[in-house]
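**Student:** Okay, here's what each chain looks like letter by letter:
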Amino acid sequence: MSVFVKETESIAQSVQGFSEETVRAHSAARNEPEWMLEFRLNAWRQFEQMPWPQPTDESWRRTRLTGFDLNHFKPLAVATGQVEKGELSKFLQDELNEMDSAASMVFEDSGLRNRILNTNLDEHGVIFTDLQRAVLEYPELVRKYFMTEAVKPDLNKFTALHAALWDTGAFVYVPAKARVTLPLQVILNQCTPGVGGYHHTLVVTEEGAEVTVVDDLLGAKDGLQASVVELILGAGSVVRYMNLQDFEHSAWNFLTGRAVMSRDADLRWIQVSWGSRLTKAFLDVDLMGPGGHAELLGIYFPTGEQHIDHQTLQLHRAPHCFSDLLFNGALKDRSRSVYMGVIKVFPGAQKTDAYQRNGNLILDPTARADSIPGLEIQADDVRCTHGATVAQVEEEYVFYLMARGLSRPQAERMIVQGFFQAVLDRVPVESVVHKLESVIERKIGG
Amino acid sequence: MSVLEIRNLHAAVEDREILKGVNLTLRTGEIHALMGPNGSGKSTLAYVIAGHPHYEVTEGDILLDGESILDLEPDERCKKGIFLAFQYPVAVPGVSVANFLRTAVSNVRGYTSRPVDAEGRSGVIGSNLMPMREFRKELNEKMKEFNVDPSFARRYLNDGFSGGEKKRTEVLQMAMLQPKFAILDESDSGLDIDALRVVADGINKLATPDRGFLLITHYQRILNYVKPHYVSIFYDGRIVMTGGPEVAHMLEEKGYSWVEREFGEAVTA
Chain P
1 MSVFVKETES IAQSVQGFSE ETVRAHSAAR NEPEWMLEFR LNAWRQFEQM
51 PWPQPTDESW RRTRLTGFDL NHFKPLAVAT GQVEKGELSK FLQDELNEMD
101 SAASMVFEDS GLRNRILNTN LDEHGVIFTD LQRAVLEYPE LVRKYFMTEA
151 VKPDLNKFTA LHAALWDTGA FVYVPAKARV TLPLQVILNQ CTPGVGGYHH
201 TLVVTEEGAE VTVVDDLLGA KDGLQASVVE LILGAGSVVR YMNLQDFEHS
251 AWNFLTGRAV MSRDADLRWI QVSWGSRLTK AFLDVDLMGP GGHAELLGIY
301 FPTGEQHIDH QTLQLHRAPH CFSDLLFNGA LKDRSRSVYM GVIKVFPGAQ
351 KTDAYQRNGN LILDPTARAD SIPGLEIQAD DVRCTHGATV AQVEEEYVFY
401 LMARGLSRPQ AERMIVQGFF QAVLDRVPVE SVVHKLESVI ERKIGG
Chain R
447 MSVLEIRNLH AAVEDREILK GVNLTLRTGE IHALMGPNGS GKSTLAYVIA
497 GHPHYEVTEG DILLDGESIL DLEPDERCKK GIFLAFQYPV AVPGVSVANF
547 LRTAVSNVRG YTSRPVDAEG RSGVIGSNLM PMREFRKELN EKMKEFNVDP
597 SFARRYLNDG FSGGEKKRTE VLQMAMLQPK FAILDESDSG LDIDALRVVA
647 DGINKLATPD RGFLLITHYQ RILNYVKPHY VSIFYDGRIV MTGGPEVAHM
697 LEEKGYSWVE REFGEAVTA
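Chains as they are written, first to last, in my numbering: chain P, 1 to 446; chain R, 447 to 715.
Hints are supplied without guarantee of correctness; some may be wrong.
Claimed, not checked - Interface residues of chain P toward chain R, partial, derived using beta-carbon atoms under 8 Å:
no. : residue
1   : P33
2   : M36
3   : Q417
What the hints assert, rightly or not - Some, not all, of what chain P presents toward chain R, calculated at C-beta under 8 Å:
no. : residue
4   : G289
5   : G291
6   : Q410
7   : F419
Rather than coming from a laboratory, the hints here were simulated on the basis of the structure. Backbone N, C-alpha and C define an ideal beta-carbon position, used for all residues, glycine too.
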C-alpha cells in the first residue's frame, strides 16, 4: 500500500528542476517497474529534442507562449497521502456531495487523496483506480493502452513532458457489456502554487460497455498543468466524458485529448474551459470503425486577460460515421479566444455525416474571438457543414425582453445563459449542469 | 380609470421623421383600432410607445395618467402597465418561455424589488422570484385558457414557433403580465382564419374594463372578431381620421388608395 500513499519529502526535495534526474527520482519514489521508468526516460529524451512551439506553427500562431518559462515552476508537487473524506477540505467534500456518483477519486497535488466506491464496481469487473496504482496492479492493460494508441508521447512538446512526468489521473476500464450508470467522478486539486502537474485520464471500454466519467480540474495557482485525456472506445460502447477545467486564472494549461473509436462506438465529450490564464487544448475524435457516433461539445467564457484556445480534429477514417461538434463561448473584458477545427474525411469514408459549429458572443468591445473552421474532404459521398459566428448581444433581443419587464442586466444575462443552453442541454449529468449554470451566472455578474 | 395620452408626437430614425404629430387618447375599457397602409408609421408608433431606443422623439409627449413616460426605459414602461405585442416577436434561443416569463412576471409584480423571498429568506434585491409552484399553477391555467400547448413552457422563446404560435404566445404573455394598456402591432398578420380566431378570442377575454387596447392592423378582418369602440386611420405618420366602427367598413369599401387620394395632398402641401 505504501507505494501509492507517500512520496516522501526527502525525494521531492532532491528533485531539482526539469531534468532526467527528476524523472528518475519521480519514478523511483513511486516504486515503478522498469518498463515505466524506460517509458518516462524515452519521453524525456523526446521532450528534450522537440523544439518549443513557434509563432510560425499554425497551431500556435494565435496563442503565444510569451511569458511562459518552464524554469518558473517546480517540476512536481509533493503528494500528501490519503485521508478520509471528512478530512478533505470543505469545498472538495461539497464537490463530492453534489454528484450522485458510482465512485470517486480526489487527487491533490501529485497524489491520490481519497477514493470512494459507492457501488460495487469490482463485481462487474470494472476498474476505477488511480493510474499510479494501476501501473502496479494492471501492468498488461496499462502497457497496452497508456499513451500507445490515442495520444503518443511525441505528439507535441507538452505530451512528451506529460509522458515523462505524469503524476495524477484515473484509469477506467469497463469490460464487455458492463454498464456503469452513475458517473465516475475524478477531482484534481493542484493546491501547491507554482508547480507543474500532469493529470492523465485513461478510459478503456470493451465491446458494448457503457460509462460516464467526469474530470474536475481545480487549483494550479501560478502553476502549469499539462494533461492528457485518452478515451479508447471498443465496438458499440458508449462513453460520456466531461472535462471541467476551472483552474486559477494564473495557471498555464495545456491539454491534449483524443478519443479513438471502434465500430458503432458512441461518444459524447463535454469540454468546459472556465479557468487558466492561458489554455491550449488539442481535442481529437478519431472514428476508426464504421457506424461511429461522436459529439464534441465545448463551452468557454474567458474574462479579464484570459486566453482560451481550442483546436479540434474530427477524423473520419471509416464510412457511415457521424460527428457533431459545437463549441460556444462568451468573452468579457480583454479576454481572447481561439477556435480552430478541421473535419477530415479520409478516402473511402463514404456517407460521412459531420458538423462543426463555433459560436462566439462578445460582451465587451475589448474582447476578441478568432474562429477558423475547416474541412478536408477526400471522399465524394459525404455531408459536411461547418460554420462560425462572432457576434454581440442582439439589441433586438434585449429590447424584446425589456419590453416584457426585464431590466437590461437581466435581459443580457438571460441571453448569455441562453447562448450556452444548446450545450448545457446535452450535458448528461444534472449536477454538472447546475454547476455550469452557476459558473456562467458568476462569470456574467463578475 | 387610466389614460394613455399621445400628444403631438414626432419621432425620427436617423434624422428621417416618421411620426409627424400623432394625437391619440386611450382610456381603460376602450378598444381603439388604428388602421393604415404599409409604411405609414404604425409600427413605429408602437415601438415609440414601448420605448425602442432606435427611435428619437423629437417633439410631443406620451403621458400615462398625466405623467410623461418618455424618459422611462422599456422595462419601466412595462412595469407601469404598458405592453407591446410584437408584429415579429424575436426568437431567443436557449431561453425557455417559463423561465423568461417567471422573471418578467416577478419584476412586474414587484417580487424582485422585495428584500425577502416568498419563504421569508432575505436575499439580494433583484434576485427574488415569484414562488415556482404559484407561478407554474398560474401559467398552466393561462395556457389552457389561451389555447397554448403546455409543452410551450419548456420550449425556447419563439424559437421554431410558427407565426400563429408566436402570436398566441404574445397573447399568453399579455395575460400573465396583466397590463393596463396593450398595444397590439399587427397581431393578426400572417394568420390563417383558425389562428386569427384564437388570437381574437384571447384579446376579447382580456378586454376587461380595466384595460385599454390599441389594435394596430392593416386589415379589417380582425375587426370581425374584436369590436373596436374607435377606429382611426393612420397615414404618413399621423392620424387623419377617427370615428366609430363605421370607419373600418368605409375603409374596406374604398380601400387605402382612397386614403391616399383624400389625405395625400394635404400632407405634401
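**Student:** Please flag the earlier hints that this structure goes against, numbers listed from lowest up.
**Tutor:** 1, 2, 4, 5
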